[in-house]
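Chemist: Next come the chains, spelled out residue by residue.
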Amino acid sequence: MAIYTKDEARTILEKALSFSKADACEINLNGSNSGNIRYARNTVSTSGHSSNQTLVVQSSFGKKSGTATIDEFDDASLEKVVRRAEELAQLSPENPEFMEPLGPQEYADSRTYRESTANITPEYRAKVASSSIDPAAAQDVTAAGFFNDSESFSAMINSNGLFAYNQATGMDFTVTMRTNDGTGSGWVSRDYNDVTKFDAAAASKIAIDKAVMSREARAIEPGKYTVILEPAASNDLLSNMFSSFSARSADEGRNFMSTPDGGNKLGQKIVDERVTLWSDPQHPDVPTATWNGAGQPLKKTMWIENGVVKNLAYDRYWAEQKGVEPVPFPSNAIMAGGDASLQDLIESTSKGILVTRLWYIRSVDPQTLLYTGLTRDGTFYIENGKIKHPVKNFRFNESPIIMLNNLETLGQQVRIDGNLIPYMKIRDFTFTSLSDAV
Amino acid sequence: MKRRNFVQYAGLGTGALLMPSLLMGREIPQEALLHPGMDNAVKKRLADVALNTAKSLGATYADARIGRYLNQYVFTREDKVQNVVNTESFGIGIRVIANGTWGFSSTNSVTEDGIKKATEQAVAIAKANSGIQKEPVVLAPVQTHGEVSWKTPITKDFREVPVSDKVDLLLSANAAAMENGASFVNSALFMVNEQKYFASTDGNYIDQDVHRIWPTFGVTAIDRQAGKFKSRQAMSAPMGMGFEYMDGLDSEKLEGPAGIKLYRNSYDIVEDAVLAAQQAQQMLTAKSVEAGKYDLVLEPNHLGLTIHESVGHPLELDRVLGYEANYAGTSFATLDKWKSGDFKYGSDIVNLVADKTQPGSLGAVGYDDEGVKTKKWDLVRNGILTNYQAIRDQVHMIDQNESHGCCYAQSWDDVQFQRMPNVSLEPGTEKYGIADMIRDVEKGIYIAGRGSYSIDQQRYNFQFGGTVFYEIRNGEVVGMLDDVAYQSNTQEFWNSCVKICDESDYRLFGSFFDGKGQPSQISAVSHGSSTSRFNDVNVINTGRTI
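In the order they appear, the protein sequences are chains A and B. Just so you know, numbering that gives the first Met the number 0 puts 59 at position 60 of the first sequence, and the rest follows in order with no gaps. Just so you know, numbering that gives the first Met the number 0 puts 64 at position 65 of the second sequence, and the rest follows in order with no gaps.
This is chain A alone, in the form it adopts within the complex (with noise of 0.2 Å):
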């Protein structure tokens, strides 16, 4: 289907608006084409092809809205889609927080499309396919993987001036390589917007090595130790604790940002003074569009400097009950780092265990922001600076607000899953069983 380009979009939603009659209205038109590919047992197992695009109608009328959508753009189906959304704006019940459209808004440039990753081919993602499968097959391994890549546009217009368009490419990939023994495994992770970036052979060899390398890990005890965590790994603790950067729920009392006295931590040191974690939409590294769906502009924002909590998300309905100007939702997050390389780390470390990511995180406690899960794909006891052997997997029970206080070193910083995060060394990060798990 078609990627509309900026003025194709324009005309089409401006046709749509000129439609309305009601008090207020909102439009979003989006489209996208992806591909993918998916193998295992060395051969390739299912693949596939989507296209979709919709023009999606919110009409108010005073405080009350209704939302309809459809896929066909001629101007017959345009006028059916404004009317059927006034009228069921017409049958809602009142939203107390529904907050007027906002005006015409100025977004900085995006740098999320890429031509190369527009054109990539089922005979691109089958050569991906076998750059995984044909090494790992020379080596008594076996690969699973998955690659996917997508070409996609949105836009919106609203009747108090908005207009707002991007465009954006992106590819994923992840690939596990499992020893024909099933004794050791070993992934890999890579996003990019631009997928000239993208080396499938170099990615897949790194997770072949981790298979092979991790093969007949010992058991050792649990309890807390010094771990270096790979960005992967820490990832997605902090993804879980941006999650939790909503001032409302912390001005209601329940969010590990609230306060006694019914406030929130902004302005707290929450963390070590080195952590400092910012959103960014125009980075070079990890791009996402200049604005959000609700139409309001990103732009760089700090969240938490030296340790000290800088910005909440405010929506607007609660920006305007507390005087505040909004602030949206990060769409990226970007940790700072250091100049260690992985190896550094791993030399500067007496005893430790270097982890590549872990698996199934799930909330324990919100109050503490405790989180459990597993290691996973390649776990490595280190002993006066050397890798010394794998060792079985762990089951950890911990918060990212306790293990940012207990940072030792930050590393270089590596683009996983859209952000921009630094390996890590912490210590005392709490292991509290052994799983059998390869």
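Hints listed in this document are in silico derivations from the structure and should not be mistaken for laboratory results.
If you want a taste of the chain B side facing chain A, the calculated C-beta under 10 Å gives, among others:
hint, residue
1, Lys79
2, Thr86
3, Ser105
4, Ala127
5, Ser163
6, Arg223
7, Tyr326
8, Asp413
9, Phe416
10, Phe461
11, Gln462
12, Thr541
For lysine to aspartate or glutamate, the following DMTMM-like pairs were computed, each having C-alpha atoms within a straight-line distance of at most 20 Å:
hint, chain 1, residue 1, chain 2, residue 2
13, B, Lys343, A, Asp435
14, B, Lys79, A, Glu93
15, B, Lys227, A, Asp250
16, A, Lys63, B, Glu77
17, B, Lys79, A, Asp250
18, B, Lys155, B, Glu243
19, B, Lys336, B, Asp377
20, A, Lys62, B, Asp78
21, A, Lys321, A, Asp250
22, A, Lys391, B, Glu491
23, B, Lys252, B, Glu502
24, B, Lys116, A, Glu122
25, B, Lys338, A, Asp180
What follows is a list of derived Cβ distance ranges for each label pair:
hint, chain 1, residue 1, chain 2, residue 2, range
26, A, Asp208, B, Glu251, 54 to 60 Å
27, B, Lys79, A, Asp22, 17 to 23 Å
28, B, His395, A, Glu215, 29 to 35 Å
29, B, Ala290, A, Glu272, 30 to 36 Å
30, B, Ala257, A, Pro259, 27 to 33 Å
31, A, Glu86, B, Leu334, 55 to 61 Å
Here the structure is a predicted model, which is why all the values come from computation and not from measurement. We treat Cβ as the ideally placed atom computed from N, Cα and C, and that holds for glycine.
On the provided structure of chain A, position chain B as indicated by the hints.
Modeler: Using the frame of chain A, we list chain B on its own:
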């Protein structure tokens, strides 16, 4: 992070639900839910276009699924309606085997031309991938049923119940919670209707109409001065039922220990909200558990999730064989253990059955998404591992020649694959109730409702929490506990099962949004059990200070 944000916006708390945006479909007015949709004769003609096109391009097998998926979701908090969402998604998915390789494509252009193009793409993908195919697809034979239909046995179609009635019901539950001391309450109703038409080159034309419902809420109590907050989730179960589940019939209620109310096939959301508000406040001052070994008495709406994670998933044959290695993982329940014929999965009283036919369950359908008539079969009998869950292209790998009928796709635009059937623990055969079980425990914990859950990628080591915890001392419940989680190993845990209550206590737990596969797809599945006792399980204290 985006999915988690949605969970936040829905206000039900982390872990309460996972709702993929793709399931939202396109939004439509309530009355459009009742539109009958495309006539079956037209669907048959269009499905034949896909099958004939595929065959003409050299495919040796093809199936077409024309699906209309209707969802209605209602979200409220305290005295406000946050959102009412009606969605419809309509299209066709075509799956083919060409050169011994699967290919799949889908389109929402359900016309002869659109279907031909999608079929051509499915065949092209299959042929493009056949070069790296090392194991040609082998399909187990399927019975030819001809033109047949099946419908979830419901008595109240959610589509015919006015939205205002649904909103009023949720707001009454919210008001009841607030009047009983809740600081906040979020509630939601999820209602789903899948209208699925399946056709294949085996000569099957199957029309099915599937209904599911899930009412749920989260009640939060806050002690601001102490800086504490606690949440109590609903004790409802998602069900394969119509809106009649919301009737709150007294005949379907059970009394648990410590005044707990439990629900079978009918749910009283207002009554549960009152109790939730009271329990959430009790949690603020509940005793923190002392870590150690306890005998656990697990209520079905809790035990269902343990069954799901430690029995349902490890016995999926695609996991065992390695097809899910890159995402959900593999399984400790390897083929050699099954072939030995004496692998002790659990104690002698543990009987676990797979069932795609159980009335009221989320997994019940007449035929699966590759046209296989559904059935019930043993997974574990008298504690011994006896079988897996497998579909047409897998059963030959375990020397069987009949699919188990558990193939499913979440929508027309996703490829179908092996999904978990309902997996349930059979009740005990002798008369024995929950009061009898509590009386027999010296040092234990009664756990009801689902909580935090985590398990490794081969399903050995798990840690589960719950909704409410009560301490049992010398045969009596002595008070509420906090900070409880138990850690165990699947085989050790099921072998520590010493007693199972009789069928009068049997109820279904449900998972409405179970995720699997890449790209990830959700499915809904139930797990039945009676309250069961597990001896000497390791309990940890999860309390921390930050």
